[in-house]
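S.K.: So you can see what is in the structure, the chains are spelled out below.
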Amino acid sequence: MSFNKDKALFAVYIGSLLLKSADKQPLTEEEQKDLEEWRQSSQQRSGIYRKALDRQAVTDELKELNETYDADQAVKNIFAALQMEPVTDPVASSAAGERSYIGRWAAAAAVLILLTAGWYFSGRKQHGSKEPIAVSREQQIVKDIQPAASRAILTLSNGRNILLDSAGNGRLARQGAVTIDNTDGRLIYHGNGNEGSILYNTMTTPRGGQYQLNLPDGSKVWLNAATSLKYPTAFTGSERTVELNGEAYFQVAPDKLHPFIVSTPNLKISVLGTQFDVAAYADEDSHRATLVEGAISVSNGAESRMLRPGEQAIVKDKDLVTGLADVEKAIAWRTGFFAFSNTDIRTLMREISRWYDIDVAYGISDFPGLYGGRISRRLGLQELIKLLESNGIHHYRLDGRKLLVLP
Amino acid sequence: MLNKTTLDEQELFRQLSAGDPAALQVLIKAYYPILSRFAEKFLPDTALAQDMAQETFIKFWQYQGTFETFQGLKSFLFTVTRNGCLNLQRGRGREEDKHQKSTVLREEETCSAYDEITRLEYLGQINLVVRRMPPKMQKIFLLSFEEGLTIDEIATKLKISHKTVRNQKYKSLVILRNRFRNSDGSLLLLLHLLLKQTGKL
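Protein sequence lines correspond, in order, to chains A and B.
For the numbering used here, count along the first sequence from 1 and bump the result up by 9.
For the numbering used here, count along the second sequence from 1 and bump the result up by 379.
One thing to keep in mind: the hints can contain errors.
[Claimed, not checked] Covered by chain A, according to a simulated footprint, are these stretches of chain B (three or more residues, beta-carbon under 8 Å):
no., segment
1, 394 to 402
2, 410 to 420
3, 427 to 441
4, 454 to 460
5, 497 to 506
Calculated directly from the structure, the hints in this document are not laboratory data.
For every residue, glycine included, the Cβ atom is placed at its ideal position computed from N, Cα and C.
Chain A on its own, in the form it takes in the complex:
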């Protein structure tokens, strides 16, 4: 028997009301009612309420908790497992921002050597002629290319295009009995279209764009840049099918009677209710589905496999291969990072060109060497380039929206 998420959420909510009450903060009428009802519903609960107001008991327990469990050691263990560096002074660095690093992947040893700040240098000489980066007024005025923002185009069933960005909030349109609302980078479908013909909408993110979509069944989809998703305005059939080109992260609402199908040119994923990522960019030679939670079945048309959480299915040249996934790396885009390991410069650059909406050209034809590392997706393009250049492997020249990669 699994834990009920809604009950857990309610329990957390009451916990917050307890605090407000104990801390003499004002409660709304509804909050007072909820707390009273909860308090009176059982002896155990009225006991918890009483004890919460007993400040001595509370401080005793807090002291005991903090002494019994070594949180500092836990921080070290957790950060080590996440391959991150603990922050030196949490009070001071509350806005320190993400740690970013990129370095050359030693194909043989495959060991990432990190300096304390998380910078990785390949060991090559630093360029002597490199000027220190001056924090001058003039430099800051030059407008930097921004990373992807909430931007997409919604194509309705009648072919009409609506430009979406976080500025235009509110009721957007109606498709039959279904209403479409737009709020802060998220498009939400409400309603119950039980009509004869099925209406399809398509959401497309451009390069430099990303968007979130709430489907009529409650499933949530996050679209990465340069991605399109075609879906019906209401799921009326025995299956819930959507078509994907590009990359999206799915959180599918459970419905055992109606499997959710994600269809891409090379991969078909079938799910009951779960979280997973699908990367199916036309310009990448391998497409993959990574399962975070739940269970999905993946097929390339010829064969199909079941995945378990933490596993990944890759289709390349019509072969379907499954194995353990680096889940964190696969969904790093959702958590605000580019994450690479054993990646060549061209694949890296394709990811960057989609996110920043730039074109990339190469000074020479051959760029050997593989990259590994993690960079924040929130950096402006110029900062990103400085980071890439800092390990002295390649040079970059930016001209408008064209990036030239040089040896």
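With chain A held as given, fit chain B onto it using these hints.
M.R.: Using the frame of chain A, we list chain B on its own:
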């Protein structure tokens, strides 16, 4: 309802959603003891319970940015911990379970589990305030709290203001500057990025 505690919490939630490791560290310091205590309710082995709590944070970090509210985030922490314990229990005590537990007992257990969440979440919110402070201030805070002062009153008493935070930040800049004396270009780039951040204050 916008007192200091609420504002701080919203700020922490925003930072967590943005993937700020410093925010994760704050969350762990406050909620690791809470979740360990919670896990111990289902796994009497303390070491296992603590492992479970750590696993929860590791799993959580893969999901940051996907929570709509701070309460949803915290509910996730408790749920994941509980489910993790359940999975372990299922794996181990199968034989015992068959003989002993009835479904009625299970339900009672679960009821009290939710109440335990309420109780621990209440403590967790206070811990969130406490554990951000240096050890000396923590002691003063707890004493004042025992005496009956509200969190806002204690904050005023300890004069935890933006000014103090700003000073702390400059202190850490100096420490980092000294540490990076030897690495040429990185020092200036790092400073550049950090200065940009402090500018935001």
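S.K.: Take the hints in turn and mark each one as holding or not.
M.R.: Evaluation of the provided hints:
Residues of the segment 394 to 402 of chain B lying with their CB closer than 8 Å to a CB of chain A number 7, which satisfies the three-residue condition for coverage. With 5 residues bearing a CB less than 8 Å from a CB of chain A, the segment 410 to 420 of chain B meets the requirement of three and the coverage assertion stands. Counting residues of the segment 427 to 441 of chain B whose beta-carbon sits less than 8 Å from any beta-carbon of chain A gives 7, enough to reach three: the coverage restraint holds. Check result for the segment 454 to 460 of chain B against chain A: holds, 3 residues qualifying (beta carbon to beta carbon below 8 Å, three or more required).
Counting residues of the segment 497 to 506 of chain B whose beta carbon lies closer than 8 Å to any beta carbon of chain A gives 10, which meets the minimum of three for the stated coverage.
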